[in-house]
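Residue numbers (the numbering used here), protein chains in the order written: chain Y, 1 to 112; chain E, 1 to 115.
Think of the hints as simulated: they come from the structure by calculation, not from any bench.
Keep in mind that this is a model prediction, so the values were computed, not measured.
One should not assume that every hint holds.
Claimed, not checked - Restraint-style ranges between C-beta atoms, simulated for each label pair: (1) Y/Gln45 with E/Leu11: 31 to 37 Å; (2) E/Asn77 with Y/Glu39: 41 to 47 Å; (3) Y/Glu2 with E/Tyr96: 39 to 45 Å; (4) E/Leu11 with Y/Thr78: 38 to 44 Å; (5) E/Ala38 with Y/Val20: 48 to 54 Å; (6) E/Gln56 with Y/Glu5: 19 to 25 Å; (7) Y/Gln45 with E/Tyr96: 17 to 23 Å; (8) E/Gln18 with Y/Glu15: 44 to 50 Å; (9) E/Gln56 with Y/Gly41: 25 to 31 Å; (10) E/Thr5 with Y/Lys94: 23 to 29 Å; (11) Y/Arg61 with E/Gly84: 17 to 23 Å; (12) Y/Lys94 with E/Glu52: 19 to 25 Å; (13) E/Gln56 with Y/Gly55: 26 to 32 Å.
Don't be surprised by glycine CBs; every beta carbon is placed ideally from N, CA and C.
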Amino acid sequence: GENVEQHPSTLSVQEGDSAVIKCTYSDSASNYFPWYKQELGKRPQLIIDIRSNVGEKKDQRIAVTLNKTAKHFSLHITETQPEDSAVYFCAASKRSQGNLIFGKGTKLSVKP
Amino acid sequence: DAGVTQSPTHLIKTRGQQVTLRCSPKSGHDTVSWYQQALGQGPQFIFQYYEEEERQRGNFPDRFSGHQFPNYSSELNVNALLLGDSALYLCASSSYLWEGQETQYFGPGTRLLVL
Chain Y
1 GENVEQHPST LSVQEGDSAV IKCTYSDSAS NYFPWYKQEL GKRPQLIIDI RSNVGEKKDQ
61 RIAVTLNKTA KHFSLHITET QPEDSAVYFC AASKRSQGNL IFGKGTKLSV KP
Chain E
1 DAGVTQSPTH LIKTRGQQVT LRCSPKSGHD TVSWYQQALG QGPQFIFQYY EEEERQRGNF
61 PDRFSGHQFP NYSSELNVNA LLLGDSALYL CASSSYLWEG QETQYFGPGT RLLVL
């Protein structure tokens with residue numbers, strides 16, 4: 001079955017710097033890759049997703065890139081702010097299936 | 001427009017007991033997936049319900065069962081509770097026709113503590 005690995009497990013940046021979180025997946029049939037942000041005690045919130053027919057997607061300060069050949073995808077956050085501090089999870093799935101396979105998460109701390 | 005809701009928010013049970021958790025999907029959604037999130041871990045897929053049937057199942061024992069009602073709401077039942085069942089149980093809703101069942105929006109979760 002699918003396996004998703006996520007790095008780093010913790011990441012600390014200064015406010016205004018960029019942050020990059022990387023994930024690799026094992027199943028080449030996976031074609032949907034969402035990213036979730038989970039603040040302490042809150043629900044995972046879908047912040048951006050990408051499908052295998054595109055290589056990059058942007059939404060304001062957040063971008064995701066996908067390399068299908070290498071089977072890895074990354075989350076890029078620019079101009080980080082203290083409110084970006086949270087645990088970020090990547091996941092992988094196949095279209096029209098329900099079983100999102102999650103990475104173990106990255107705890108991002110943005111220092112003012 | 002209501003988002004995904006879950007009840008109860010917290011629950012304390014003892015080993016061997018049974019528990020039922022409830023989920024109402026986002027308006028317009030027809031698919032409900034359940035996940036277990038242990039402390040410090042990513043969510044793990046339990047199963048997914050669509051058209052009142054279990055469509056997919058993760059690597060969880062038969063003690064975990066579910067149901068979906070005609071109004072698309074869902075229940076998760078866990079029998080013979082073990083200490084290791086203590087976790088945050090998340091419900092996620094999605095739409096088969098619109099964004100696809102893989103685009104999932106999570107509820108706030110039910111935190112279950114088994115003593």
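Results of checking the hints against the structure:
1. Y/Gln45 with E/Leu11: 31 to 37 Å: Between Y/Gln45 and E/Leu11, where Cβ atoms are some 23 Å apart, the hint is violated.
2. E/Asn77 with Y/Glu39: 41 to 47 Å: Given a distance of about 29 Å, which is not inside 41 to 47 Å, the answer is violated.
3. Y/Glu2 with E/Tyr96: 39 to 45 Å: violated, 21 Å
4. E/Leu11 with Y/Thr78: 38 to 44 Å: Cβ of E/Leu11 to Cβ of Y/Thr78: about 41 Å, so the range 38 to 44 Å holds.
5. E/Ala38 with Y/Val20: 48 to 54 Å: With a Cβ separation near 26 Å, E/Ala38 and Y/Val20 fall outside 48 to 54 Å, so the hint is violated.
6. E/Gln56 with Y/Glu5: 19 to 25 Å: Holds, since E/Gln56 and Y/Glu5 (Cβ atoms, about 22 Å apart) stay within the stated range.
7. Y/Gln45 with E/Tyr96: 17 to 23 Å: Distance hint for Y/Gln45, E/Tyr96 holds at roughly 22 Å.
8. E/Gln18 with Y/Glu15: 44 to 50 Å: For Y/Glu15 against E/Gln18, whose Cβ atoms are near 48 Å apart, the range 44 to 50 Å holds.
9. E/Gln56 with Y/Gly41: 25 to 31 Å: holds, 29 Å
10. E/Thr5 with Y/Lys94: 23 to 29 Å: Roughly 28 Å apart at Cβ, these two residues keep to the hinted range, so it holds.
11. Y/Arg61 with E/Gly84: 17 to 23 Å: Violated - the Cβ-Cβ distance for Y/Arg61 and E/Gly84, about 39 Å, lies outside 17 to 23 Å.
12. Y/Lys94 with E/Glu52: 19 to 25 Å: For Y/Lys94 and E/Glu52 the Cβ distance comes to about 23 Å; the hint holds.
13. E/Gln56 with Y/Gly55: 26 to 32 Å: Between E/Gln56 and Y/Gly55, where Cβ atoms are some 28 Å apart, the hint holds.
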